[in-house]
Amino acid sequence: MHVWSLSKLPGIAGTQPKLHNPPGPRVYCAPVLVLLTLLLAVYAAPSPQPAIPSVGGNNAREGRDAPIAVPGGANKRHGRDHIKYQTDVKADQQAGVALLDTGAAYFAEIEIGTPAQTLKVMVDTGSSLLWVLDGCVDPSECGKSPKFDTSASTSLYQTTKPFHIPYMDGYTTGHMAYDTITLAGQTADKAKFGLSDNLTEWRIGAAGLLGMGPGPDSWWRAVANTWSEPYFSLFLDPFSTSADSYNPQNGGARLILGGTDNSLYTGNLSWVPAQTDVWWAVGLESATIRGQQVPLNVDKQYSIGDNPIAMMDSGSTVMSIPHDAAATIYPALGIQTIGGTDLIPSANMTGPDTTVVYTLGGVEYPVDGVWGCDKAAAIASAFSLSESDLARSPYWCVPNVAINTEQYWVFGAPFLQTVYSVYQADPPQVGFARLSKQAVDTGNQGGGTTNVAGADSSARRGGRLAAMLALAVGFGMLACV
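Mapping of the sequence shown onto the numbering used here: residues 204 to 684, in sequence order.
Some clues are possibly wrong.
Unchecked claim - Ranges between beta-carbon positions, derived for each pair:
(1) THR357 / LYS578: 49 to 59 Å
(2) THR363 / PRO534: 19 to 29 Å
(3) SER358 / THR469: 15 to 25 Å
(4) ASP629 / ALA594: 34 to 44 Å
(5) GLY543 / PRO476: 33 to 43 Å
(6) THR363 / GLU590: 48 to 58 Å
Unchecked claim - Dumping the calculated DSBU-like pairs for lysine-lysine here, alpha-carbon to alpha-carbon at most 35 Å:
(7) LYS640 / LYS578
(8) LYS503 / LYS578
(9) LYS350 / LYS393
(10) LYS347 / LYS578
Rather than coming from a laboratory, the hints here were simulated on the basis of the structure. None of these values were measured; they are calculated from a predicted model. The beta-carbon is built from N, C-alpha and C at its ideal position, and this holds for glycine as well.
Start from the sequences and build out the full structure, keeping to the hints where you can.
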């Protein structure tokens, strides 16, 4: 098994007492059990290292504001960095937007500037900053990604406040700005966002990332006072008709601002109290696999009451689990490490029962532990392995779990694709509901089967694996912010 050693970066302590000493910036992008597959969110604990200049706010990805000289000199729009949000939408609004996806990464189209420029950005509940590219130092890294043309917007207001976000295999840097930003018909004037001019290991068709976390700089906070309900919600369809990282398609995924889409879930929402000064974090009450209890050791740094925290992160393609939990889950899944790649042998395309059952707010949620299965020859080709290395089994499955070195859990796409999820900052809570038949049918129309309990596992896994293998080639650092 792969255990990733994570560097520790400085963070800013949270303001809510439920989460003791919240961890610092998320050091994203450890490969999921193999070098070019799924990438995960890993959060580093605070350390005494010098703070990295970044944007302001009490967000785990953000540090202290520090003025810097912007290359090329400050233009006439540079100036103060404290402008009140304004909105031009009426109160009691609810708006839904179809998301584009590639099977595990999800994108929304936003409009920035005057006149408006339409850009695709990745939707990430694990971060709280909207940033877009306005340049690219190395065309081999981000040259094909769309850019925001700063010279074309008459409403743009740039600052000298920098942001710098490090990754395991790269980074992005830039400075903060304000402009008119619209999503799903909801507009915020003078909305804060980042302009990135240097981004490595991107190589996808998105212009940036839309942070939908609970932090004070999240775009949604600028328009939330107009909503009919004080929350937003997500349905993440797990399969797309396209696995091309430069050409995501709509497979049915949706983001609802100011409410829910009742047609996409069944029964009542189960609300779970959350800690929201850093992440959408809830308490994980139990985890079982094949009837075996998974140990849930509690570190007070990463706890809510007597439970470890589980962070809801639509920008992560995996379930990131603590090392001691992996000691139970990995053998139960039957994971074997072959040529540096973690795989699960299978007698058929359906694969073994790899369901892990998680309990949140007293409700059990079953989650498949693999992305998919395929013939040995196909897996060998995808991961540059010798077919003889895989000769012991006719089929192999790719797990969707990875290990972190702390006592917290990251619930990425594998979990969020199984539920309808709702996010509310005041009072802080996250809601979950079972997917409806219509949601499952939406997944079928998108080309695959929604990952819900009872869905046919061979259909569910086959398409997802193909999408993920293709996705890995394009995403050098999928959801790496």
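Which of the listed hints are broken here? 2, 3, 4, 8
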